[in-house]
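S.K.: Residues per chain are reported as follows:
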Amino acid sequence: EDQVTQSPEALRLQEGESSSLNCSYTVSGLRGLFWYRQDPGKGPEFLFTLYSAGEEKEKERLKATLTKKESFLHITAPKPEDSATYLCAVQGVIQGAQKLVFGQGTRLTINP
Amino acid sequence: DGGITQSPKYLFRKEGQNVTLSCEQNLNHDAMYWYRQDPGQGLRLIYYSQIVNDFQKGDIAEGYSVSREKKESFPLTVTSAQKNPTAFYLCASSIAAGPLRDTEAFFGQGTRLTVV
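Note that the protein sequences, when read in sequence, are chains A and B.
Residue numbering for the first sequence is 494 to 605, as defined by the numbering used here.
Residue numbering for the second sequence is 53 to 168, as defined by the numbering used here.
Here chain A stands alone, though its shape is the one from the complex (with noise of 0.2 Å):
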């Protein structure tokens, strides 16, 4: 059973067209939920980390939104420098233990 699913898998997208990745999540007990952005070959950078149902974080052309059951990033006019895997990640009670738990990504190509 899949805690955390990410939409879609991959998403080519033409500079400067906007679209939104998405994340839905099933654990509860929601202690944080997490936008990681990877580059092939190394570790996940950190972006955002979202606590409640209504909360929005930005960061230049990424915005990062959560309700109960999933969450948004959102990204506005893109470069081709914003290619990369995106990944989302949820902290919360899991099988009765509080886990990290990782969604499998989506891999975001930007064509100039």
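To be clear, the hints were calculated from the coordinates, so they are not data collected in a lab.
Glycine is no exception: its CB is placed at the ideal position from the N, C-alpha and C atoms.
Take these hints with a grain of salt, some might be off.
To be verified - Stretch by stretch, here's where chain B covers chain A in the computed footprint (C-beta under 8 Å, at least three residues):
| hint | stretch |
| --- | --- |
| 1 | 551-557 |
| 2 | 563-571 |
Claimed, not checked - Partial chain B-side listing against chain A, Cβ under 10 Å, derived:
| hint | residue |
| --- | --- |
| 3 | 56 |
| 4 | 92 |
| 5 | 100 |
As the list claims (entries may be wrong) - Distance windows between CB atoms, simulated:
| hint | chain 1 | residue 1 | chain 2 | residue 2 | range |
| --- | --- | --- | --- | --- | --- |
| 6 | A | 507 | B | 105 | 50 to 58 Å |
| 7 | B | 119 | A | 509 | 46 to 54 Å |
| 8 | A | 510 | B | 129 | 42 to 50 Å |
| 9 | A | 556 | B | 82 | 25 to 33 Å |
For this one, chain A is given, so just place chain B on it according to the hints.
M.R.: Okay, now just chain B, sitting in the frame of chain A:
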């Protein structure tokens, strides 16, 4: 500079050998984690530790072992019992933010293990 250091960056193991991956942090974080990442997949939790001398199994702990004798260090041993150890291994750490919420985890740059 504060951060998480994983070593080595690349590691080759012969079948039947045990190998140990190093993870050191100087962020004074309480919690540390080990994840495994396979091509095109997300991160899967192997082990985690929330305090020194204590650790818990994650979702794929079979064939792995850890220790947490010091706050700064959380080494992972990949044993010969791990049937398919070739993967990218990531170590992370975080600081407890309180009883109701957790802070983000920060990652090292990973160790790529290959069985030859």
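S.K.: Hints numbered earlier in the text: which of these fail when held up against the supplied structure?
M.R.: 1 and 2
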